[in-house]
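Using the sequences and the hints, build the whole thing.
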Amino acid sequence: MTIPAEEAASALKDAEAAAGRSARARGYQSGSGYLLVWGAVWTLANIAAQISERAGELAWTGLVILGVVASMVMGRRFGSGVAGGPVKALLVAAAIGGFGLCVQVVAPPLGLAQANALASLAVGAVYIALGSAGGLRLSAVGAVVMAATVVGWLFLRDWFFLWSAVVGGGGLILGGLWFRKA
Amino acid sequence: MAEADEIIHQSTRLRLMSVLNALPDGEGLEFKRLKAIAQATDGNLGAHLATLEKAGYIAIDKDFVGKRPRTQASITRPGRRAYEQHLQYLRDIIEGVVREDG
Chain P
1 MTIPAEEAAS
11 ALKDAEAAAG
21 RSARARGYQS
31 GSGYLLVWGA
41 VWTLANIAAQ
51 ISERAGELAW
61 TGLVILGVVA
71 SMVMGRRFGS
81 GVAGGPVKAL
91 LVAAAIGGFG
101 LCVQVVAPPL
111 GLAQANALAS
121 LAVGAVYIAL
131 GSAGGLRLSA
141 VGAVVMAATV
151 VGWLFLRDWF
161 FLWSAVVGGG
171 GLILGGLWFR
181 KA
Chain Z
1 MAEADEIIHQ
11 STRLRLMSVL
21 NALPDGEGLE
31 FKRLKAIAQA
41 TDGNLGAHLA
51 TLEKAGYIAI
61 DKDFVGKRPR
71 TQASITRPGR
81 RAYEQHLQYL
91 RDIIEGVVRE
101 DG
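In order, the protein sequences belong to chains P and Z.
Using the numbering used here, you'd call the opening residue of the first sequence number 1 and step up by one each time.
Using the numbering used here, you'd call the opening residue of the second sequence number 1 and step up by one each time.
None of these hints come from the bench; they were simulated from the model.
Check before you lean on any hint, since a few could be wrong.
[Claimed, not checked] Some residues of chain Z that are not near chain P, with every Cβ distance over 12 Å (derived): (1) A36; (2) K54; (3) G66.
[Claimed, not checked] The calculated lysine-lysine pairs, modelled on DSS-like cross-linking and capped at a C-alpha distance of 30 Å, are: (4) K54(Z) - K13(P); (5) K35(Z) - K54(Z); (6) K13(P) - K67(Z); (7) K67(Z) - K32(Z); (8) K62(Z) - K32(Z); (9) K35(Z) - K13(P); (10) K181(P) - K35(Z); (11) K13(P) - K181(P); (12) K67(Z) - K35(Z); (13) K67(Z) - K181(P); (14) K62(Z) - K35(Z); (15) K181(P) - K32(Z); (16) K181(P) - K62(Z); (17) K54(Z) - K67(Z); (18) K54(Z) - K32(Z).
If you're wondering where the values come from, they're calculated on a predicted model, not measured in any experiment.
Built from N, CA and C at the ideal position, the CB exists for glycine as well.
Given below as structure tokens:
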């Protein structure tokens, strides 16, 4: 079999591009579940917070624990080819939770709305950063979450939790469905 | 020294193998999704998959998701080995390790 160098180079480039698309599509598929779970957590916890701050605090605590457990289960499922899938899911949750605790230490006391807005901005920034490395759809979801948070904070402060539930949580859920189409 | 694999080198089959090789062991893709990710415009996708299956490079499994039948293709261990060897052969040609006239 004779293969000229130009044909070999073209075939190799073609193969690498196809492998890249495959890895990206798999990443979107595995990310979809996380976005759907955290979109549901965001929506439900914010609706509870809009009803009363106490209900919001309780809902956030319970739902975040459920979200972390669900993420670990999904990490186990999708991490079949990657070492430590559930551990990575736990690390991401610990990083975001740790960020929140550190902010409380540096800039206390934060109200529930402020903490909520900061968490949304942190999640949005993380998504934008991760998306730049692995898939621009994730960056787009992150940008929507950040923009929605700022708009809600500036213009809809009285309805901020409900706004976060619909736009932030809804955005994550729509992002998760969008990922499934990738 | 790596050798050329005529079965894999065909452009559509090379892309199909590249897509499947990027998945973890035991994970497959449904035909429609495989075709989309591989950007296979060749209408003869079934024949290419049959060729790869006959060579033992991929496995085609049929099952049901609820009541919906599902057909998935996944790469086999010999398929991974043959794919890696063929890619190495291509790299060797580019680097001049293998002469272009074979």
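Hints and how they fare:
Distance check on A36(Z): its Cβ comes as close as 8 Å (rounded) to a Cβ of chain P, failing to clear the 12 Å threshold; non-interface status is violated. Every CB of chain P is more than 12 Å from the CB of K54(Z) (nearest about 19 Å), matching its label as outside the interface. Non-interface call for G66(Z) relative to chain P: holds, since the shortest CB-CB distance, roughly 17 Å, exceeds 12 Å. Restraint check for K54(Z) and K13(P): satisfied, since their Cα atoms lie roughly 26 Å apart, inside the 30 Å limit.
This hinted pair checks out: K35(Z) and K54(Z) have alpha carbons roughly 19 Å apart, not beyond 30 Å. Taking the CA atoms of K13(P) and K67(Z), the gap is near 40 Å; set against the 30 Å cutoff, the hint is violated. Taking the CA atoms of K67(Z) and K32(Z), the gap is about 18 Å. The hint holds against a cut of 30 Å. Between K62(Z) and K32(Z) the CA atoms are separated by roughly 14 Å; this keeps the pair inside 30 Å, and the hint holds.
Straight-line distance between C-alpha atoms of K35(Z) and K13(P) comes to about 18 Å, which keeps the hinted pair within the 30 Å bound. For a cut-off of 30 Å, the pair hint linking K181(P) to K35(Z) stands: about 14 Å separates their Cα positions. Among the hinted pairs, K13(P) with K181(P) is consistent with the structure: their alpha-carbon atoms are about 25 Å apart, no more than 30 Å. With a C-alpha separation of about 23 Å, the suggested pairing of K67(Z) with K35(Z) holds against the 30 Å cut-off.
The suggested pairing of K67(Z) with K181(P) holds, with an alpha-carbon distance near 22 Å, which does not exceed 30 Å. With a C-alpha separation of about 17 Å, the suggested pairing of K62(Z) with K35(Z) holds against the 30 Å cut-off. A distance of roughly 12 Å separates the Cα atoms of K181(P) and K32(Z); the hinted pair therefore holds under the 30 Å criterion. Annotation: proposed proximity of K181(P) to K62(Z) holds, straight-line Cα distance about 22 Å (limit 30 Å).
Simply put, K54(Z) and K67(Z) have alpha-carbon atoms about 28 Å apart, close enough for the 30 Å limit, and the pair holds. Only pairs whose Cα atoms come within 30 Å are accepted, and K54(Z) paired with K32(Z) is accepted, the gap being roughly 20 Å.
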